[in-house]
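Enquirer: As a plain string of letters, each chain reads:
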Amino acid sequence: MIWKRQIPILIVTIVGWTTLLGWFIDQPDIQEFVNDDATQWFDILASFAIILGALNLIKLQVQKILYQKPGWIYSVVAVMGFLFAITAGFFVKGVDDSVAQWGAHVTTDGTLFKWMFDYMFSPMSATMFSLLAFFVASASYRAFRIRNFEATLLLVSGIIIMVGRVPIGSVISSWFVMYLIVLSAGIYINVWKKDMNTTFVFVAVGISIVTIAGFMYGWPIDKPGIFYLPAIQEWIYYYPNVAGARSIMIGIGLGIFATSIRYILGIERSYIGE
Amino acid sequence: MEFSTILGAWVAVFLTFGIFSYLYKDNPFYKFAEHLFVGVSAGYWTAIFFWTQIQPNLFGRLFPAKVYGPDSGTPFIYNLLSFISNSVFPEGGIDKGHDQHFIYLIPLALGMMMLLSLIPSINWFARWGIAYTVGMAAGLRAYGYLNSNVIGQVKGTAVNIFNSSLPFFSLSEPSIFNNMIIIVGTICGLLYFYFSKEHTGILGKASKVGIYFLMISFGASFGFAVMGRISLLIGRFNDLIKFSSTEYHHATFWVLTAVIAILGYASYQEKENKSQIADTGQDSVQEEE
Amino acid sequence: MSKIQDTFLKIGSIDRRWIFLIIAAVVIVPLIFPVGLPIRPTDTTKNVYDSIEKLPAGSNVLLSVEYSPSTRPENHPMTISILRHLFKNNHKVFITCLWPDGQFMAQDAINQVAKQEFNKTYGVDYVFLGFRPGNEAVVKGIVSNLRKLYTVDVYQKKIDEIPLMNGINNFKDFDFLFSSSAGFPGTIEWVQYASDPTGIPMASGVTSIQVNEVMPYVQAGQMVGVLAGMPGAAEYEALIDQKGSATSGMDAQSVAHLVIVLFIILGNVSFFIERNRSKKY
Numbered sequence: 001m002i003w004k005r006q007i008p009i010l011i012v013t014i015v016g017w018t019t020l021l022g023w024f025i026d027q028p029d030i031q032e033f034v035n036d037d038a039t040q041w042f043d044i045l046a047s048f049a050i051i052l053g054a055l056n057l058i059k060l061q062v063q064k065i066l067y068q069k070p071g072w073i074y075s076v077v078a079v080m081g082f083l084f085a086i087t088a089g090f091f092v093k094g095v096d097d098s099v100a101q102w103g104a105h106v107t108t109d110g111t112l113f114k115w116m117f118d119y120m121f122s123p124m125s126a127t128m129f130s131l132l133a134f135f136v137a138s139a140s141y142r143a144f145r146i147r148n149f150e151a152t153l154l155l156v157s158g159i160i161i162m163v164g165r166v167p168i169g170s171v172i173s174s175w176f177v178m179y180l181i182v183l184s185a186g187i188y189i190n191v192w193k194k195d196m197n198t199t200f201v202f203v204a205v206g207i208s209i210v211t212i213a214g215f216m217y218g219w220p221i222d223k224p225g226i227f228y229l230p231a232i233q234e235w236i237y238y239y240p241n242v243a244g245a246r247s248i249m250i251g252i253g254l255g256i257f258a259t260s261i262r263y264i265l266g267i268e269r270s271y272i273g274e
Numbered sequence: 001m002e003f004s005t006i007l008g009a010w011v012a013v014f015l016t017f018g019i020f021s022y023l024y025k026d027n028p029f030y031k032f033a034e035h036l037f038v039g040v041s042a043g044y045w046t047a048i049f050f051w052t053q054i055q056p057n058l059f060g061r062l063f064p065a066k067v068y069g070p071d072s073g074t075p076f077i078y079n080l081l082s083f084i085s086n087s088v089f090p091e092g093g094i095d096k097g098h099d100q101h102f103i104y105l106i107p108l109a110l111g112m113m114m115l116l117s118l119i120p121s122i123n124w125f126a127r128w129g130i131a132y133t134v135g136m137a138a139g140l141r142a143y144g145y146l147n148s149n150v151i152g153q154v155k156g157t158a159v160n161i162f163n164s165s166l167p168f169f170s171l172s173e174p175s176i177f178n179n180m181i182i183i184v185g186t187i188c189g190l191l192y193f194y195f196s197k198e199h200t201g202i203l204g205k206a207s208k209v210g211i212y213f214l215m216i217s218f219g220a221s222f223g224f225a226v227m228g229r230i231s232l233l234i235g236r237f238n239d240l241i242k243f244s245s246t247e248y249h250h251a252t253f254w255v256l257t258a259v260i261a262i263l264g265y266a267s268y269q270e271k272e273n274k275s276q277i278a279d280t281g282q283d284s285v286q287e288e289e
Numbered sequence: 001m002s003k004i005q006d007t008f009l010k011i012g013s014i015d016r017r018w019i020f021l022i023i024a025a026v027v028i029v030p031l032i033f034p035v036g037l038p039i040r041p042t043d044t045t046k047n048v049y050d051s052i053e054k055l056p057a058g059s060n061v062l063l064s065v066e067y068s069p070s071t072r073p074e075n076h077p078m079t080i081s082i083l084r085h086l087f088k089n090n091h092k093v094f095i096t097c098l099w100p101d102g103q104f105m106a107q108d109a110i111n112q113v114a115k116q117e118f119n120k121t122y123g124v125d126y127v128f129l130g131f132r133p134g135n136e137a138v139v140k141g142i143v144s145n146l147r148k149l150y151t152v153d154v155y156q157k158k159i160d161e162i163p164l165m166n167g168i169n170n171f172k173d174f175d176f177l178f179s180s181s182a183g184f185p186g187t188i189e190w191v192q193y194a195s196d197p198t199g200i201p202m203a204s205g206v207t208s209i210q211v212n213e214v215m216p217y218v219q220a221g222q223m224v225g226v227l228a229g230m231p232g233a234a235e236y237e238a239l240i241d242q243k244g245s246a247t248s249g250m251d252a253q254s255v256a257h258l259v260i261v262l263f264i265i266l267g268n269v270s271f272f273i274e275r276n277r278s279k280k281y
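Protein chains in written order, with the numbering used here: chain D, 1 to 274; chain F, 1 to 289; chain H, 1 to 281.
So that you can see chain D by itself, here it is in the shape it has in the complex (with noise of 0.2 Å):
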């Protein structure tokens, strides 16, 4: 018992307050070994547990072919995969010792490795992610409806920033916006007062406001500034975005940091199974 859980729990809090007081304390012997070896040992062990991670997925897929579970013909598909690539990896250089020594021949051109990155992993991983264009279009299409105010506030944020960041952006003038704005406007008047007459003087009143005020200024693309989408994207993303990004981040920061304390002071045991 003491080997499932009191070690690892001591390790956890010998290793995380000396990694802690390494920060403030100078003495050279503890920065010597929190700066260099103890980062080394931390490499080599996130090393080892990545290979026991990509070691771990193969015996799932071995076992699923063992025991003949459904789908398990493409379980033979991801095993040859594997087998391929630490061929690539391990067995099979394909190019001599004097174009690459074995650990180099992981970057070099020509090599089997080189060239399993270039096509295979490289573009199934890319594709894979860019599948998420599609249903982040398929979703705002189906599901992004405004319900309130604060969903309304979500949608014309995003817009502003998705059509003001892109250059196209740039070439939509201020005054097609305030075109614009006097028309949402008009709608939403329609909904409220429910009376054709106000709202077709007040859509008429701003639609000749604008269009005197765009003759009288020539039509500028790009005044007033605050009608100019790239203009009124550079606010939000700086200022409002900040605000609230900022707010996220150091309720995020304070719970890391309590979380951190947590593990080291050994009342935080998940990664023994607690």
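Bear in mind the hints are in silico, worked out from the structure with no lab data behind them. Here the structure is a predicted model, which is why all the values come from computation and not from measurement.
The calculated DMTMM-like cross-link candidates involving lysine to aspartate or glutamate, where the alpha carbons are at most 25 Å apart (straight line), are:
(1) H:Lys115 x D:Asp118
(2) F:Lys66 x D:Asp37
(3) H:Lys157 x D:Asp96
(4) D:Lys69 x F:Glu34
(5) F:Lys31 x F:Glu272
(6) H:Lys172 x D:Asp26
(7) D:Lys59 x F:Glu34
(8) H:Lys148 x D:Asp29
Heads up, incomplete: computed chain H residues facing chain D, CB under 8 Å, no partners named:
(9) Ile23
(10) Thr42
(11) Arg72
(12) Pro216
(13) Gly267
One side of the interface only, derived from the structure: several residues of chain H facing chain D at Cβ under 8 Å:
(14) Arg16
(15) Leu37
(16) Ile39
(17) Arg40
(18) Gln103
(19) Pro133
(20) Ala137
(21) Gly141
(22) Val154
(23) Asn212
(24) Gln219
(25) Pro231
(26) Met250
(27) Ser254
(28) Val261
(29) Phe263
Yeah, the Cβ is synthetic: ideal placement off N, Cα and C, and Gly gets one too.
We have chain D already, so just place chains F and H on it with the hints.
Expert: Below, chains F and H without anything else, positioned relative to chain D:
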């Protein structure tokens, strides 16, 4: 162009369309590509982490070439390992510029324990290695997040709203109004996450303002998320356009045609089978009647 | 009027596969037939450019590459542009990677810019240190003792034998840091463990998804600026006056965004029509 490059292009296009075929529906092309990705990724990560860390920095510190010479030779254990794998343990020791440090037997032992945890009866072996990484990560993050994400951000929020040299409002430059937005937005956003008191009265109003700032931030995140995803799609399509050229024997067109033809035919067969089953079902109901 | 409303309702409930097809079409067409919309650099991008311009010639710049092929369309043009800018101004470039895939991305960028375009000499003008696993521990290692972490470069050559590594022992020996990052570990770790504690200025190029996470650092002055996604990369290409893949993708990006905004508006119109009808009945 080399045959391996052309072959690689066809393989890449086939795997790309295999994954894109999921947009139509789940199908064997997608399952094949997905499982291949799982297997190749596992092997890729294993090889990369081994050759960039374990071989040079662990084995390189246990069997450094610096301590072995033509007269002293290498120890028996190293010769045995070298016999098993000459690529990992080359003759004369591992030459990565390290000195010998037997203390690195500790991470080696912890690492081997982690790998042995694959055996179900001793799966607790991994706990010691994981405990080390957890402890160190906790020690690093406690300082890092407190310093940069809390104290640094509070400092950044403490902007001057009484600076008379600033204009009241500016779209792009610092201004009194913009500084007030930063302070009010950050404080109200933080107050929204304060759940120890009910959100009523002044706290309720402040947290309402906070939620508005958070919604603006989420909207911006949504806009950026859409931007990011479309950018990734552009990257894939650029590659597919490149591989449609004569140099690659129009790989994109041929593979796309083949995938559409096979999926279309399979879909048609499925529809036929379904309508046959439906007809058989109707016939048997009519017979019973 | 009710016929128009019925049409909107029908549009509001079409099979999502038609949406996928429309998105594919609006992205592919501008890539094949580009329009060439003008690109307007934003302040955060200009700050990055100005910071690198202001560096004295021959400055030691650490370029950290942490992205994978999945975010290559966003990050790679940034890395290429930054490398071009650094070599144009004759700075000394040291390249590390916190992601294993970053090694491949960095090698591609080096092949294109350092070798083919600028004909720079390895070991004199630039060094490729490579990837080390360990996430934030690697950053900490670079800050405290780089030579213990990197005894050999990515080509397995001992760094003691590389002339450019003379006098480079830890992070404080660099004059500037640029991180081209797609997630963890990346920009945030560089801010927390390297730039903020030591005061060495840094900038970053991040994916669009990450922008909101790092903007508070920019506003607080912990970073000088940020290149935000593919648009940020295109803006930087415009600033260094060398167009690349980011610029060519901006037309498709613009059209796709407009179409998605149109989808959102159509979806909401059909939502309001449905809501009004259900209120009536």
